[in-house]
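Colleague: Mind docking chain B on chain A? Use the hints.
The listed protein sequences derive, respectively, from chains A and B.
Reminder that position 111 of the first sequence reads as 111 in my numbering, one-by-one numbering, no gaps.
Reminder that position 225 of the second sequence reads as 225 in my numbering, one-by-one numbering, no gaps.
Treat the hints with care, as some may be off.
[Unchecked claim] Heads up, incomplete: computed chain B residues facing chain A, CB under 7 angstroms, no partners named:
(1) Phe32
(2) Gln91
(3) Leu94
(4) Gly98
(5) Val101
(6) Leu102
(7) Asn105
(8) Val223
(9) Gln257
(10) Met261
(11) Leu268
(12) Val272
[Claimed, not checked] Pair ranges (Cβ atoms, derived):
(13) B:Val110 to A:Cys56: 45 to 51 angstroms
(14) B:Pro275 to A:Arg160: 25 to 31 angstroms
(15) B:Leu61 to A:Cys5: 50 to 56 angstroms
(16) B:Tyr111 to A:Glu248: 21 to 27 angstroms
No lab work stands behind these hints: they were computed from the structure.
Beta carbons: idealized from backbone N, C-alpha and C, even for Gly.
One letter stands for each residue in the lines below.
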Amino acid sequence: MTYLCHILIILNIYASLGIALNLLVGYTGLLSLSQAVFLGVGAYSTALMTHSSIPCSWPLSILVGIGISSIMALIIGAISLRFRDDLFAIATFSFQVIIYNLMQNLTGITEGPLGISGIPSPRIGCVVLTSYWAFLVLSLVFAIVSIYIARRAVLAPYGRLLRAIREDEISVTAMAKNTATLRVSTFVFASMISSIAGSLYASYLTYIDPSIFTVQESIFILAIVIIGGPGRLWGPVLGAALLVSLPEGLRLLGLPSSVAANTRQILYGAALVGCMIWRPQGLVGKYSLRSDERG
Amino acid sequence: MTQMILNACLDACAILPVALDVWLVYRVCRFFPFTTSAVFTLVPYLVCSFSFVLGSGASTLLAFSLALTLLFPIGWYIASRVASCQEASLQLFLLSLGILVLTQNSLSIVYGSQPIPLDMSMRESLFHFPFGSFGLSRALIFLWGMMSLALISLLHCKTSLGKRWQAIASDPELSKIVGVSIKGAIAAALATGAILTGGAGILQGLDTALTPHMGLSVFMQSVVVVVIGGRRISGVVGVCFAMVFLQDLIAYMIGTQWHEMVAFSLLLLYMVVYPRGARSHTSSFIGCQ
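Isolated chain B, as found in the complex:
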């Protein structure tokens, strides 16, 4: 049982950076970015490609730079759309969906659909504790999750950039009038989110293996977390841990095949019982419409 709780905590830390990215982009740009899923998959594949030639550090840097460069025009387009105060959440939602389909299938063609392990040695070196054990890759996932939480909390609550994000989230039109650089703030939000998600993707690749469709499942779980978690970071973190614990418990009791179903059943239950909670995300954006 203690091992299961430990595993649940580590699994939650694997989703947390992606959930925080989705939360940030949804708060600032008002759409669910499927591009998150594309970044989660693209960055580790690029790392995998470059690591044969370069070292792991240089390949990671190069992969991030290349992924950000590739996605920059899309990010800039999204920023322009939101900056012009046009309510276009459906359009951006579908645009990001198209990018995801493009990325997944391009990766399938280039690398094939079979799982590719990034570095198996990290999985095999285990840390033993009285309450359980986990591999080095899982330890890195935990650290990255905590770092992501600290970074987003710090940026969102303590910096001028965070203040700009909050202003845009509550009223983009007014923010524009008072001189907030909306495009810059949104670009910063997208880039910050992409770094967190890309890092989480690399660590996921180290822990399990790379597949072209690995991003979608994590993204959808993140959406569940963000809808139920609400506007606060603490809500997102709490729901993330609770949902993953429930998923792991059900997997332990019944089987892993119901993993995704648990998350979405939880979301639907929440939408049935407390629909206002789900809507509360968008209530503050009505001024822009």
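Isolated chain A, as found in the complex:
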């Protein structure tokens, strides 16, 4: 039962990350490869603030993480959002590499490859969330709130504008809409959700190191969206369910942990290749990455 709880907690966290990225990839048509950066910022904020000599409260560490992520997203967005398609992906990838290098090399702050261990469990008021069940409820609430907020956003005129930007940005600009602000605000919004997910992740694992926030992690989050279905609210949830739970089946084969980790990656890679060849719109998606099939 504990194992099932663990899978569900991880699923909820990745579903939230997928929902955040879906706003960029699925609704705005921006392929971001830097989502692990914001996950890392949230995780390190919580780890450093709750683990310091003068420990701060868990909600405060989340707020600080959100603040730092938003500022970083504003900077990244201001530079990357001048570009579209693969150049945007390369720009965000550059940030991913730079921030990962900083996490790895600023040992005075992040402890470098040694990582930070002993991150305390979250405390909300006088309640300390230590059990798996408590984490499951917390992560589930977070996932539901993420879906709710994303749903409200995409059904509002704001969401329609995002879709319009995805289809034809020039027309949206011609209608006197400030597309740059819309794109940056979506990028910041997605970074905020990812940062909260990072805080949850760090508190749950009680240990973080830079190897958790590599480009592979960003690719994994992107795979959740692409395979689940970009442009659909439930797409990333389905993608997370598939990509988190299916590789767990490998445990039944009794593979050594090193081989199982690579086999998991092979499954993600194969799913990505299969999706791109036979179903570019994902399992339940309606937005194809092929522009000739749009609209």
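Modeller: Chain B in isolation, oriented as in the chain A frame:
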């Protein structure tokens, strides 16, 4: 200092064939091919496997043939997508990313993640000059880099195949109408690039050691070179040497751990200061959309 400059030149020659491959594929197919990174890793591993049974020459040939055969269906799919004039750069970008993840992890399972040296003797036999010294493997890297440059320049500027590449790069739809075999030209571009990259991968394996993730770093540096270098081969070559020199200088002054960060900071700086330059690559492809 002279040794550092020499090392920078040789390091640049290690990246140059890959950068030229990425440049060619990006010009012709309009996407950044992560498959380059897969070829860079796959070919030397195959050479490593066969060299125990066959000689080095035969194993190299066999490795190239096998790698090209394995990647042929993907190459043909890419060629078909571009030939049908469908703007699919994101789709091909993600497809190639998936292939890279597949290749890297398959190699990790088969060979393990530990570095495997191809042939240490080549590193150890040194050439001494008044201005510095380098091993035989580094000399081969330099030669391969120069050969790649000569080959791509010759093919691109002096042959009918190069003319076809240029035509497809500027307007694929018009090229198709006037009877250019787009699929064939793209397949030729992918195969040429794969040979250059595979060779560079083998030489990298001779110089250092093989690891399943060695291709990604070289590929990403090549992307930086191609974005900043622009449409001209001379731009790619110039940026390649300048970037590697800067990387080596920073590594010499601060430490090697900031190696990758230098390249990507350079790219971001370029994108901030001169975003039009980065976009200029794709401006000529608008007619196809």
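Colleague: So, for every hint listed, does it hold in this structure?
Modeller: Do the hints match the structure? See the list:
no.	hint	result
1	Phe32	holds, 5 angstroms
2	Gln91	holds, 4 angstroms
3	Leu94	holds, 5 angstroms
4	Gly98	holds, 3 angstroms
5	Val101	holds, 3 angstroms
6	Leu102	holds, 4 angstroms
7	Asn105	holds, 4 angstroms
8	Val223	holds, 6 angstroms
9	Gln257	holds, 5 angstroms
10	Met261	holds, 4 angstroms
11	Leu268	holds, 5 angstroms
12	Val272	holds, 6 angstroms
13	B:Val110 to A:Cys56: 45 to 51 angstroms	holds, 47 angstroms
14	B:Pro275 to A:Arg160: 25 to 31 angstroms	holds, 28 angstroms
15	B:Leu61 to A:Cys5: 50 to 56 angstroms	holds, 55 angstroms
16	B:Tyr111 to A:Glu248: 21 to 27 angstroms	holds, 26 angstroms
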